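Undergrad: The residues making up each chain are set out below.
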Amino acid sequence: MSPNGATPLALRAVKDAAIWGAVALGLFVPLIALQAVQDIRGELRLETRWPLLVVLVALVVAGSLLNSLVITPWQERRARAAPRPDGSAGRFAAGLGRWFPPFAIGFVTVFPFLALWLVGFQGGLKWIDNFGIQILIYVMLGFGLNIVVGLAGLLDLGYVAFYAVGAYSYALLAKEFGLSFFTLLPLAGILAAFWGILLGFPVLRLRGDYLAIVTLAFGEIIRLVLINWVPVTNGYAGISGIPRPTFFGIPFNASDSGFAAVFGLEFSPIYRSVFLYYIILALALVTAFVTVRLRRLPIGRAWEALREDEIACRSLGIDTTTTKLTAFAIGAMFGGFAGSFFAARQGFISPESFTFMESATILAIVVLGGMGSQIGVAIAAVAMIGGTELLRELDALKAVFGREFDPTQYRMLLFGFAMVLIMIWKPRGLIATRDPSVFLKERKAVSGSLVKEGHG
Amino acid sequence: MEVFVQQLINGITLGSIYGLIAIGYTMVFGIIGMVNFAHGDVFMVSAFVALIAFLVLTTWLGIASVTLALFIVLIVAMVLTGVLNWAIERLAYRPLRGSFRLAPLISAIGMSIFLMNFVQVAQGPRNKSIPPLLSGEFVLMGGSGYQVTLSYKQIMVWVVTAVLLAAFWWLVSRTALGRAQRACEQDQKMASLLGVDVDRTVSITFVMGAALAAVAGTMYLMYYGVISFADGFTPGVKAFTAAVLGGIGSLPGAVIGGLLIGLVETLWSAYFSIDYKDVAAFSILAVVLIFLPQGLLGRPEVEKV
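The listed protein sequences correspond, in order, to chains Y and U. Quick note on my numbering: the first sequence kicks off at 1 and runs consecutively. Quick note on my numbering: the second sequence kicks off at 1001 and runs consecutively.
Errors might be hidden in some of the hints.
Partner residues aside, some chain Y positions facing chain U, computed with beta carbon under 8 Å [unchecked claim]: (1) V203; (2) Y210; (3) F415.
The following residues of chain U were derived to be distant from chain Y, with all beta-carbon distances above 12 Å [said to hold, decoys possible]: (4) G1136; (5) F1138; (6) V1160; (7) R1174; (8) A1176; (9) Y1223; (10) R1299.
Covered stretches of chain Y, as calculated for chain U (at least 3 residues, CB under 8 Å) [unchecked claim]: (11) 213–223; (12) 352–365.
These are calculated hints, taken from the structure and not from any lab test. All figures in this text were calculated on a predicted structure; none of them were measured in a lab. Where a beta carbon is used, it is the ideal one built from N, C-alpha and C, also for glycine.
The task is simple: from the sequences and hints, build the whole structure.
TA: Right under this line is the structure:
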């Protein structure tokens, strides 16, 4: 594909654009230009959207031209110019690794007060609840899945199952036995870890794609059981009235013994949100800290070795069974923590919250952020979850695209598209770290990203 | 007895649909060793293409003959779904050959999410149902009590599946194209040294898989009369189960696996619990992969270091 080939670049670009334009036209005529709409009598009829078709086909043609005239030559020039031995990008990532975490932790610690100070009690609730807590739940889930996918290299498509186990454990035990949130949090984590081991055992021999599909099957089985085991889980209707966490025994309500009354404040739901925010923040930080420390332990190094090459790993005498099971169990445990927090925060759970799409979202966060990179996962969670919450707020978009435009519909569409693009452009994620966590004397120049991964 | 025979008929019908989808999984896995996670959603898209082609034919062009309409719908769906899968392979999978081992699978998952939500946005989230076609049935057994029936729709599914499988079988086993495919499956490097255009062969494999998925999509739409954007996921996983059960990489295995999964599902629903039928299918997947990873007709995988 050199530009000095027989046919000039421009001609080939036009040819490619024509082909892709034709493909887009062929596919978009039935799927976009014609829409099957159910009318009032329940009968289907066709509605047409020709202008939209023209716009989209034009976009595809423009994209194809851009790719063959600008992006491909640029990539070829760069590939020719320097076989870069992990230069600028590596230094950039290292720099980011130094200054970013303290800054980020400082920011998220003061975030609720910042929000309250800037937008007041009314607006602050939205920022703390919809943005802060929501994002931090996904950061925590991302960190947990990152242990399984990013460190141990085991693609788990059923991670949401452990999230569900944690949530239902908390909901059922809290309602039946009236135990407090802080008693049940570790218990939910342990139960989820137990499930992680239980599901991990049969799949030990499987690798790569097969492992992914079986974890997906397990995730679906757990969800189907939650739906159908009505006496315990109440099926589709879900469990409501789940006890909320209390401030060391003081509930967040408007009563005389409530948090506001005890501390002599005016009652507001904001206190509970701030409290929950700090719980999930602490949980996420603990997860991050534990992961960082684990990476330096023998087990963490074994995970990384397993990710790079399973056969070599086994030849060196690493017990792959224990290595895989601990990865599953620890990942599941953090999923369970997040799940019990989710149940406590919502006060209501149903199987609807634990679909495959949820697993896919968490996986997308890990993949886009960079498998194995904590900073990357955190940034990806902020961008993806915060970004979609932000889309909800943008009324300007409604003015452009019309009244019925609902940006949240496009969330998963963009996630899927981004996953494909990232795999093509930077298969290691935006912040790729395959550098070994532990090294002798100095980090060697031949880092993981230059070596092709073994097919373990 | 009557119930059993009826469930057998239903199971074979459902199993034919799974078998057609499973061939797409098994061929792609055979040739490039990846699980094409988006295949179930390609099946769903094909059902939507069929739905819209059907509406164009009946409401705009006013074609009254169901057989003619069905034939045209089938062709349109096969062609367009083939084009779709060709484009997916070019955009999402081909650039990833030689990348790290999970990259194509993650890309396929991304593509699956994209397709599902694309259809949701473009065609709306609600179920689309068409008026029943070809209503009518033969009564095979049981005059008074439980009647065993074989509907025209079921006959249609059987006949179309059988004809297309025969054509497909001829294509794979008797033509130069099929030979190139089998060569690429055994050894891509050697095949390319001997003058087989590997990229082209892989593309054609994707197109063929999609065409068969389109047949399954059209049949699914005609048989159940309803389709929604989320309907690709579960049949996709079940068809993958069928491919694994039959031995991934083996074409007859995919069909046999599909029929078995269809039978298990209908018999399970009839005799045990309809709520847990998907659990049964997913459990089969896990059990087969764990205890019989090479499937019924597959070759055991030899690990080279």
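Undergrad: State for each hint whether it applies.
TA: Hints, one by one, checked against the model:
| no. | hint | verdict |
| --- | --- | --- |
| 1 | V203 | 7 Å, holds |
| 2 | Y210 | 5 Å, holds |
| 3 | F415 | 6 Å, holds |
| 4 | G1136 | 22 Å, holds |
| 5 | F1138 | 29 Å, holds |
| 6 | V1160 | 21 Å, holds |
| 7 | R1174 | 30 Å, holds |
| 8 | A1176 | 25 Å, holds |
| 9 | Y1223 | 17 Å, holds |
| 10 | R1299 | 15 Å, holds |
| 11 | 213–223 | holds (count 7) |
| 12 | 352–365 | holds (count 5) |
In summary, this structure violates none of the numbered hints.
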